[in-house]
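K.L.:
Chain residues, written in single-letter form:
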Amino acid sequence: MHLPTAESAADASIKHTMADMANTVLNMVISGHEDGKDQESHHPDAQTDSANPGPSNADAGLHSLTQEHSNDSSQDNSASASTPTTQAIEDENDPAWSVATATTAHSSIDDTIVLQDNVPPTHPFAAPDMSLLFDYNPAPLLLLSSSCCITRVSKRFCQDWHVTEEECIGKFLVPFLESQVRESAFSKTKYIAEAVDDAVASRSERTSKAITVKSSFTCRARVVPIFRGAELVSIQLEWSERPTSEVLDNEFVQPGLSTDEAFRILVQALKDYAIFLLDTKGHIATWNTGAQLLKGYTREEIIGKHFSIFYGKEDLDIKKPDMELDICLREGRVEDEGWRYKKDGTRFWANVVITAVYKNGVHVGFGKVTRDLTERKASESRLIAAYEESEKLKSDFLANMSHEIRTPMHGMLSACALLLDSPLTERQRDIVNIMDESGQILLQVINDILDYSKLASGSFAVSSDVVGVASIITSVVRGVQTTLPPAVHFELFLAPNLPKSVQGDPLRYRQIVQNIVGNAAKFTDKGSIRVKASVHSEDSDSYTLLTEVIDTGIGIRESASASLFTPFSQFDLTTTKRYKGTGLGLSIAKSLAELMGGRIGYRPNPERHGSVFWFTARFKKIKSLEQISDWKHQMAAKDGSPISPVQPDVTVLQKRLASVANRKSILLVEDNIINQKVMLGMLRSLGFKSIELAADGAAAVKMVTGKPVGYDLVLMDINMPILDGHEASQKIRDAQVKVPIIAMTAYALKGDREKCLEYGMNDYVPKPVDRKYLIKVLATWLLEKVDYRKAYDERLQQLKSCDEKLHRLSVSERAAVAIARRESGGEELKPLAGEKGVKGWSTPFKEGEVSENAGVVQGTFDEPACTKIPDQVEKTERPNENNGIGTFQETAPGFDGDEQQQLPEPALSDGDVSPKTPGASMAQPPLESAGEEAKVEEDAKA
Amino acid sequence: MHSHYDDDREDQDTMPDFGEHVDNGIFEQILEMDDDDKREFSKSLVTNFFDQAEETFVKIEELLNTDKLDNGKRLEQLSSLGHFLKGSSATLGFNKIRDSCQIIQQYGHKLNVDGTPEQNEQVCLDRIKAALKTARNDKDVLADMMLNETHGFFQPDEE
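Chains S and L supply the protein sequences, listed in that same order.
No gaps in the numbering here: position 134 of the first sequence is 134 in full-length UniProt numbering, and each next residue is one more.
No gaps in the numbering here: position 108 of the second sequence is 108 in full-length UniProt numbering, and each next residue is one more.
If you're looking for bench data, these hints aren't it; they were derived computationally from the structure.
No experiment lies behind these values; they were computed from the predicted model shown.
Heads up, some of the hints might be wrong.
The following label-pair restraints were derived from C-beta to C-beta distances [to be verified]: (1) L/V141 x S/K655: 34 to 42 Å; (2) S/L693 x L/T47: 43 to 51 Å; (3) L/N112 x S/R603: 53 to 61 Å; (4) S/A386 x L/N112: 52 to 60 Å; (5) S/K655 x L/E40: 23 to 31 Å; (6) S/Q736 x L/E40: 49 to 57 Å; (7) S/N662 x L/E40: 49 to 57 Å; (8) S/V535 x L/N112: 29 to 37 Å; (9) S/V535 x L/E76: 23 to 31 Å; (10) S/A658 x L/N148: 51 to 59 Å; (11) L/E40 x S/A658: 20 to 28 Å.
Here are the simulated DSS-like cross-link-like pairs (lysine-lysine), alpha carbons at most 27 Å apart as the crow flies [stated by the list, open to error]: (12) S/K689 x S/K702; (13) S/K377 x S/K392; (14) L/K43 x S/K689; (15) L/K43 x S/K772; (16) S/K281 x S/K214; (17) S/K655 x L/K38; (18) S/K359 x S/K313; (19) S/K209 x S/K188; (20) L/K38 x S/K689; (21) S/K755 x L/K110; (22) S/K359 x S/K377; (23) S/K343 x S/K305; (24) L/K59 x S/K772; (25) S/K359 x S/K394; (26) S/K155 x S/K188; (27) S/K214 x S/K155; (28) L/K129 x L/K68; (29) L/K59 x L/K43.
Just so you know, even glycine gets a beta-carbon here, dropped at the ideal spot from N, CA and C.
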């Protein structure tokens, strides 16, 4: 490229011919080097003797892509070389030039003639003054004699190095360099010397490592030894700013190895990475050793193929390769992990990075780097498996421990409770109370931790029972209230439309309420704690209930509010730990609320200092009282806690059943004669004498409605002609006959029972009827349950008496019962069809068992009852606004000062309630620890 | 004489092995309801059952062979009959018959035994036919075990 320029710019001056020739050669060497990259990219032949034998165009492409800058500079170079003829005169007289010619000119002619036949020595257009070109070469140049004495410097060199020619010429290279670098960098000058030695020794160009010059730029020298035959005539040093990369400079750019070559070798030699180029359409253009090793294709096989060859069928189906290129074009780069396929069909887990490659702003293809992560993937999955295994072991362990820990805790607590029931001195009672309370707290902590681990492992189930929201809240408030300082008022707001009973998990609901009310109490020293319950939303079969707890306590810093629901975060982290706890409460509450289809949240108290915690939970609606009492029964049946009363033996039950059987009248509804006979046989063997038969549902309805109080129990087959058991039961219920109906059907499936309940039946016996099971069910309905013919109040009372805990309830909790009852309004308490002498309905509660309401104030949103509970002894119930049928006796004869004094005591502290509940005539089972079941009981009575 | 045998049986708490045909637990429950040493009650039940079974089988067969009703109606009634006999066979613990009845009931509902729908009514009818055949066969085997005059579980009354 420079040759024509030199020729066209030639001056015919003979005087300078020889020097011109020398300079032409010089410039050729210089420009040849400068243009080296350019030539390589344009003339593939130039590469044949390079270190890299790869001849492909694409390699050249990569090469040239990394060398745009060099190309630019070479273009500049040629431009400058073609113009500066006007300066020829000036340079002719340059003394430095004569030195250079003195040492080099003579010998260069022969070389030139030998090397460059196409340039005639006396060409009329030969360059007039090569020293001009030397001086104005944009690269700083330095010429050395064979003894490394500086013979010539270019203007650019003087300019860049801030030196004059005088300071350089005649100096030896190393001392000169030492004068130009900082003292600390003296040793670096040897890089240059080494490069020079190396270049001379190998008779080829070398690039030195970089040195930093005083004027604080870093540069390296490309050393070009110029030989004539065997004689070293000169050494040219061309300086260039060093590349920015330290690594390239120090590690890879060995003398004589240009960066592009280094890159090429690097890419080519890498075995662990497949690095290759794709053209714009995604066809493979280059291939390296890593790619060959990883994918199994040889270069010859793969070049030109589309890269989708590496993808599996699923990926191809979703057009992943094309997608990746698209994204890559859009984003500049795309990364993916997935299975890729080798030539032999095996797959490996690959990490793939595709980068869009541009040359001069034109998209020329994609660079693709693939790594084999199969090993890592495998170890990852081993790790995950190990982790899961340990998680499982942990949760198994916790599940076991939960039982192991709770069992002795329950034992201890019930022993405490028993002890409290015995005559004790004041001091003894105090001590036992402390034991009891500490035990309760410990149990709570243990439960928290176990709950949390269960929630965390996702093995937490929400049960489906009856929930009396009002009574749960009341009872929680009541319990917490005893721990409050006198300066704190509890205010309870129950929305008027709050359903009295809903279907859901009462324990979990209570747990959340307990937690946030407990927190409010813990952090409130004075002011009020307001608990609000309302219906957030409602649809045809469910309510979403909103429960809010508003306190005037210490509140929560904004910074802390974000992590409130994070496990193990505690608001109070001071060393004194004034507020004890595990820090799990709210996190558990959050998980529970979510399990119940709701949410939980916090906001600062808008009115005053303090907090507002709220949560929602979704509950199903329930339809009938029968359902409620049935749940109660179910609940009792599944209560397997260690200190619950031992289930009476079947033989005992059978005996007890036999003792009442001859007074009981049963209707058996069964269409199949064989089953009739068997059931008859079974019932007779149990002592039943009065058994009537109906062969289908219609007959049964007729018989039952004909004698609405005639039967104690109906055993109902489900699948019958004319009218099936479901419909028959519904008709019986429609006729307001409340006789217990026990369904009998074969192949009990999950859900059958619920279906039976839906149709108004009370219980369920799977077929073929198991005698023991039948005995249990009959015992439940004929011995435990109150006769349906009695008034509801008696029934409630009886249910109450059945509950093993109620006799220990404090008055306040009975107050909750009272509220729950009041809440129930008249709706559920319609007189029964066939009710004998409807006596009870105007005063459904007998004397002495009427709502012992007190302790907790009942408010509405419109008319809040903000009263401090401990002092609240007068009856503050709403006036008798409810119902058209039953009026409740608000003045409770059984409610006296005696009980008021018990108000502040903890719920478990006293057991003297039972004498005041006349219905509690049955033998009381042993004490039960927590109060949850009791709450459900109360709900059942609602 | 029979009472003697019965006593022996009860003393040894032995029950003849009816194999898969009978759920011993349930059947024993029936036997327990016998008032006296004689198996009067249980025997009458079993006898009644076989009568009932036969009656039901005949009805099923009639339905299978009739062309007076459309398939849907027939299946509906077949299912009901299957359920009916399933009830009593289950009550007595006659498991094999019960299972066949279950199949009849299921296909009557146009369901496979596993509860998946079977749309093809002809398939349903064929399956019911097969189940009926099995049930009849099982019934004959069981009746023989129960009531055979020489080796049956229940010996004929002497009177």
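K.L.:
Indicate, hint by hint, whether the structure satisfies it.
P.N.:
Hint-by-hint comparison with the structure:
1. For L/V141 and S/K655, the hinted distance range of 34 to 42 Å is satisfied, since their beta carbons lie about 40 Å from each other.
2. Evaluation of the 43 to 51 Å hint for S/L693 and L/T47 yields a failure: the beta carbon distance comes to about 20 Å.
3. For the hinted restraint 53 to 61 Å between L/N112 and S/R603, the CB-CB distance of approximately 56 Å keeps it satisfied.
4. Distance hint check for S/A386 and L/N112: the Cβ-Cβ separation is about 42 Å, which falls outside the suggested range of 52 to 60 Å.
5. Distance hint check for S/K655 and L/E40: the Cβ-Cβ separation is about 26 Å, which falls inside the suggested range of 23 to 31 Å.
6. About 43 Å separates the C-beta atoms of S/Q736 and L/E40, a value inconsistent with the hinted range of 49 to 57 Å.
7. Between S/N662 and L/E40 the beta carbons are some 23 Å apart, a value that contradicts the proposed interval 49 to 57 Å.
8. For S/V535 and L/N112, the Cβ-Cβ distance of about 45 Å falls outside the hinted range of 29 to 37 Å, so the restraint is violated.
9. A C-beta distance of roughly 45 Å is found between S/V535 and L/E76, which places it outside the suggested range of 23 to 31 Å.
10. A hinted range of 51 to 59 Å is violated for the C-beta pair S/A658 and L/N148, which are about 37 Å apart.
11. For L/E40 and S/A658, the hinted distance range of 20 to 28 Å is satisfied, since their beta carbons lie about 22 Å from each other.
12. About 21 Å separates the Cα atoms of S/K689 and S/K702, which keeps this hinted pair within 27 Å; it holds.
13. Straight-line distance between C-alpha atoms of S/K377 and S/K392 comes to about 22 Å, which keeps the hinted pair within the 27 Å bound.
14. Pair hint L/K43 plus S/K689 holds up; C-alpha atoms about 22 Å apart against a cutoff of 27 Å.
15. Note on L/K43 and S/K772: the hinted pairing holds, with a Cα-Cα distance of about 22 Å set against a maximum of 27 Å.
16. In summary, the hint linking S/K281 to S/K214 is not supported, as the alpha carbons are separated by about 51 Å, beyond the 27 Å threshold.
17. This hinted pair checks out: S/K655 and L/K38 have alpha carbons roughly 25 Å apart, not beyond 27 Å.
18. Restraint check: the Cα-Cα separation between S/K359 and S/K313 comes to about 33 Å, which exceeds 27 Å; the hinted pair is violated.
19. Using a Cα cut-off of 27 Å, the hinted pair S/K209 and S/K188 holds, with the two alpha carbons roughly 8 Å apart.
20. A distance of roughly 22 Å separates the Cα atoms of L/K38 and S/K689; the hinted pair therefore holds under the 27 Å criterion.
21. The suggested pairing of S/K755 with L/K110 holds, with an alpha-carbon distance near 22 Å, which does not exceed 27 Å.
22. Distance restraint check for S/K359 and S/K377: the Cα-Cα separation of roughly 36 Å exceeds the 27 Å cut-off, and the hinted pair is therefore not satisfied.
23. About 13 Å separates the Cα atoms of S/K343 and S/K305, which keeps this hinted pair within 27 Å; it holds.
24. Between L/K59 and S/K772, the direct Cα distance comes to roughly 35 Å. Violation of the 27 Å bound is thereby established for this hinted pair.
25. Taking the CA atoms of S/K359 and S/K394, the gap is near 58 Å; set against the 27 Å cutoff, the hint is violated.
26. The hinted pair formed by S/K155 and S/K188 meets the criterion: a straight-line CA distance of about 24 Å does not exceed 27 Å.
27. About 18 Å separates the Cα atoms of S/K214 and S/K155, which keeps this hinted pair within 27 Å; it holds.
28. A distance of roughly 18 Å separates the Cα atoms of L/K129 and L/K68; the hinted pair therefore holds under the 27 Å criterion.
29. A C-alpha spacing of about 24 Å is found between L/K59 and L/K43, which places the hinted pair at or below 27 Å, so the restraint holds.
Violation of the numbered hints given earlier is confined to hints 2, 4, 6, 7, 8, 9, 10, 16, 18, 22, 24, 25; the remaining hints are satisfied by the structure.
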